[in-house]
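Engineer: Residue numbers (our numbering), protein chains in the order written: chain V, 1 to 272; chain Y, 1 to 272; chain G, 1 to 272.
Hints in this document: simulated from the structure, not taken from any laboratory.
Take these hints with a grain of salt, some might be off.
When chains are identical, the list treats them as one kind, so a pair holds in a single copy or across two.
[Said to hold, decoys possible] Here are the simulated lysine to any residue pairs, SDA-like style, with alpha carbons at most 25 Å apart:
#1 LYS192 <-> PHE121
#2 LYS196 <-> ALA147
#3 LYS192 <-> ARG163
#4 LYS192 <-> GLU16
#5 LYS192 <-> GLU124
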Amino acid sequence: MNPSGVITFMSDFGLEDAYVGIVKGVILGINPRTRIIDITHQIPHGSISDAAFVLQDACRFFPEGTVHLAVIDPGVGTARRCIAVQTERHFFVGPDNGLFWPIIDRHSSPRIVHLNESRYFRSEISDTFHGRDIFAPVAAHLSAGLALHLLGPQISNPACLARPLPEIRNDQLLGRVIRVDHFGNLITNIDKETLKNFLEDEEAVIRVGRLQITGIGRTYEETTPGGVIALMGSTGFLEVAVCLGRADDLDGLKTDESIEREVIITRSGPTS
Amino acid sequence: MNPSGVITFMSDFGLEDAYVGIVKGVILGINPRTRIIDITHQIPHGSISDAAFVLQDACRFFPEGTVHLAVIDPGVGTARRCIAVQTERHFFVGPDNGLFWPIIDRHSSPRIVHLNESRYFRSEISDTFHGRDIFAPVAAHLSAGLALHLLGPQISNPACLARPLPEIRNDQLLGRVIRVDHFGNLITNIDKETLKNFLEDEEAVIRVGRLQITGIGRTYEETTPGGVIALMGSTGFLEVAVCLGRADDLDGLKTDESIEREVIITRSGPTS
Amino acid sequence: MNPSGVITFMSDFGLEDAYVGIVKGVILGINPRTRIIDITHQIPHGSISDAAFVLQDACRFFPEGTVHLAVIDPGVGTARRCIAVQTERHFFVGPDNGLFWPIIDRHSSPRIVHLNESRYFRSEISDTFHGRDIFAPVAAHLSAGLALHLLGPQISNPACLARPLPEIRNDQLLGRVIRVDHFGNLITNIDKETLKNFLEDEEAVIRVGRLQITGIGRTYEETTPGGVIALMGSTGFLEVAVCLGRADDLDGLKTDESIEREVIITRSGPTS
Chain V
1 MNPSGVITFM
11 SDFGLEDAYV
21 GIVKGVILGI
31 NPRTRIIDIT
41 HQIPHGSISD
51 AAFVLQDACR
61 FFPEGTVHLA
71 VIDPGVGTAR
81 RCIAVQTERH
91 FFVGPDNGLF
101 WPIIDRHSSP
111 RIVHLNESRY
121 FRSEISDTFH
131 GRDIFAPVAA
141 HLSAGLALHL
151 LGPQISNPAC
161 LARPLPEIRN
171 DQLLGRVIRV
181 DHFGNLITNI
191 DKETLKNFLE
201 DEEAVIRVGR
211 LQITGIGRTY
221 EETTPGGVIA
231 LMGSTGFLEV
241 AVCLGRADDL
251 DGLKTDESIE
261 REVIITRSGP
271 TS
Chain Y
1 MNPSGVITFM
11 SDFGLEDAYV
21 GIVKGVILGI
31 NPRTRIIDIT
41 HQIPHGSISD
51 AAFVLQDACR
61 FFPEGTVHLA
71 VIDPGVGTAR
81 RCIAVQTERH
91 FFVGPDNGLF
101 WPIIDRHSSP
111 RIVHLNESRY
121 FRSEISDTFH
131 GRDIFAPVAA
141 HLSAGLALHL
151 LGPQISNPAC
161 LARPLPEIRN
171 DQLLGRVIRV
181 DHFGNLITNI
191 DKETLKNFLE
201 DEEAVIRVGR
211 LQITGIGRTY
221 EETTPGGVIA
231 LMGSTGFLEV
241 AVCLGRADDL
251 DGLKTDESIE
261 REVIITRSGP
271 TS
Chain G
1 MNPSGVITFM
11 SDFGLEDAYV
21 GIVKGVILGI
31 NPRTRIIDIT
41 HQIPHGSISD
51 AAFVLQDACR
61 FFPEGTVHLA
71 VIDPGVGTAR
81 RCIAVQTERH
91 FFVGPDNGLF
101 WPIIDRHSSP
111 RIVHLNESRY
121 FRSEISDTFH
131 GRDIFAPVAA
141 HLSAGLALHL
151 LGPQISNPAC
161 LARPLPEIRN
171 DQLLGRVIRV
181 DHFGNLITNI
191 DKETLKNFLE
201 DEEAVIRVGR
211 LQITGIGRTY
221 EETTPGGVIA
231 LMGSTGFLEV
241 AVCLGRADDL
251 DGLKTDESIE
261 REVIITRSGP
271 TS
């Protein structure tokens with residue numbers, strides 16, 4: 001697989017400091033021709049599950065040969081390994097803490113190496129900024145065409161990530177809200193196929209918090225302003241949204257934090 | 001007009017999700033050589049008027065042949081059209097909802113096409129993310145040199161945008177605050193020429209909220225810290241600012257939301 | 001020194017407006033081949049000391065020949081000069097207000113010019129946006145290989161910046177918190193060498209606010225969640241952090257703003 005010359009970069013560093021820019025400076029010092037595209041740097045601090053969800057969605061839209069650099073690394077400087085992953089189309093570089101698990105899990109034979117060839121790192125390695133000292137140079141070398149196997153020994157036991165999956169119980173499809181996006185849309189873990197198989201041809205009744213929605217919509221504006229809609233989002237998962245508003249503002253969801261963000265779907269009968 | 005190889009990108013997607021990065025991935029998959037420059041992704045959700053103001057200012061500073069991609073699209077998936085616009089120097093790609101109206105309105109013969117040649121889109125089109133599925137690929141193709149007319153039929157009735165213009169009534173120049181920037185500066189809709197013609201050689205008295213300012217200043221620091229100043233801003237419109245502070249914090253503007261942000265200018269007599 | 005083709009860009013413009021994008025448009029109109037890398041645009045408005053600290057750290061990681069454009073410019077349009085600086089490895093362009101002082105101060109013979117050759121500026125210069133009209137074009141010309149001396153006369157009296165340095169008094173090492181990063185880590189002005197020389201081989205006791213920490217740690221996770229740690233950060237300065245939390249939330253630091261963020265280090269005896 002030829003490198004595409006593109007490196008994507010995702011982190012929980014935020015944008016107020018120089019950390020993101022410093023990583024890019026290190027990359028450009030090794031591969032001046034690479035294109036660095038930000039995914040997001042506002043993953044909640046240390047939230048490996050948020051990062052894993054965002055990355056498994058975003059990476060699909062990048063050219064073959066893209067290197068995805070992801071640094072959500074609460075365990076920096078501890079015993080956790082640094083890894084690189086090669087799938088059919090992409091490379092991934094980051095900490096071995098489950099961040100890449102959804103991607104590893106959906107490929108038939110990803111190659112994973114433990115990064116231990118320090119000649120491909122910076123000469124001085126800090127205990128607190130492996131993004132700069134290990135992951136950035138490795139991503140840069142991969143983007144310049146370095147073969148994966150030169151980075152370290154292959155491993156077959158990467159860290160997993162527990163991901164709640166939707167389940168069917170007592171004739172209900174039970175899922176949960178796994179992420180709230182910029183618009184306040186609630187993104188659930190209920191994928192298109194699971195929902196379709198459950199409903200067959202019947203209409204859905206969706207309950208989340210104190211909210212109840214009948215039917216799956218198509219667009220954000222097909223109800224009146226303030227109206228709630230459930231639809232299959234661009235991520236491929238069921239979303240709850242509010243027309244010209246924010247679903248996460250809805251009564252019972254924000255105001256009472258003890259309400260677990262469970263999503264319950266039942267069948268209401270054949271669609272008209 | 002040769003493409004400059006630059007695509008600018010403006011949206012209301014925010015920076016917490018992968019939506020912005022995904023659009024860039026799609027672009028690079030079609031034109032790997034393009035440079036993508038963010039204008040802003042923090043337009044208030046669905047605010048077409050904010051977006052239109054920002055874009056009509058920013059686009060002027062880009063090289064000839066730049067493609068301006070703008071996705072503020074509350075009507076995604078409804079009947080609104082997708083369009084591309086060509087002016088003497090630039091291209092624009094986005095929803096036909098008035099976003100490009102200030103730009104269209106100031107050019108003598110812009111060419112506007114309705115995007116309906118789906119061979120230039122992604123193969124699967126969602127109902128909720130046309131930024132990724134329609135606008136990104138079209139912008140990429142234009143930046144690679146595709147001729148506009150190949151994207152769809154020309155149209156002559158793009159959506160307009162109602163924009164409040166300053167008016168003179170009872171010997172007063174009446175305008176309004178149309179935007180508040182990062183620094184808390186109030187940007188009005190009073191342009192340099194209208195103000196100059198109104199004042200002739202007299203000094204201005206500017207009233208906004210409970211605030212009254214005499215004279216038009218030149219720089220942010222020509223009054224004492226906390227002092228208010230009105231000046232002609234870099235956007236070409238009159239601004240109200242506070243030296244080392246925020247104009248939008250001023251008493252009567254933030255605390256009492258019912259005060260309409262009207263700007264009233266009167267002449268106070270010949271300048272000394 | 002050959003230009004690297006990279007321009008870094010730091011400002012206090014924020015990301016809600018087009019100001020950052022406009023600067024990039026002007027740069028690309030002069031040097032279409034340059035790579036523009038953001039350092040941060042969220043320096044607190046007008047905070048020259050924050051900007052100076054961030055830049056003196058970040059610039060070290062960029063390739064030789066990089067041009068660092070920094071616009072934190074509360075004095076725009078007043079008598080302050082516009083300057084460009086050349087060190088052994090880099091160029092710097094921005095206002096002469098102390099922003100570059102830590103960098104100038106640590107180099108043996110930096111060359112500094114007063115930018116007054118207006119043929120290298122935009123044709124129209126505003127009073128309020130020199131980032132767009134002066135600094136952007138100058139940075140672009142330098143990145144394209146223009147020789148520094150053509151930009152204006154050399155000067156030897158750039159603006160300084162008062163920076164509190166750590167001091168030893170009554171057998172205590174006294175420093176202060178100079179910056180709080182995205183993670184809530186408190187970054188102090190106590191550098192590695194000063195600390196090492198003070199402690200010799202004894203263990204440190206660090207007091208900041210009502211907080212007391214014994215010993216210098218190595219990683220963020222070597223204490224229990226919520227536990228406080230002091231460690232030598234990636235910036236090369238002592239930091240106070242909280243495991244899976246924010247040091248700036250600690251009682252006595254946020255709640256009582258009148259507590260000066262002094263950092264007091266004493267020796268507690270030989271390390272075990």
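Engineer: With reference to the structure, classify each hint as holding or not holding.
Structural biologist: Results of checking the hints against the structure:
1. LYS192 <-> PHE121: Classified as between; 22 Å across copies, 42 Å inside a copy.
2. LYS196 <-> ALA147: neither (42 Å within a copy, 41 Å between copies)
3. LYS192 <-> ARG163: within (17 Å within a copy, 42 Å between copies)
4. LYS192 <-> GLU16: Classified as between; 24 Å across copies, 37 Å inside a copy.
5. LYS192 <-> GLU124: Classified as between; 15 Å across copies, 47 Å inside a copy.
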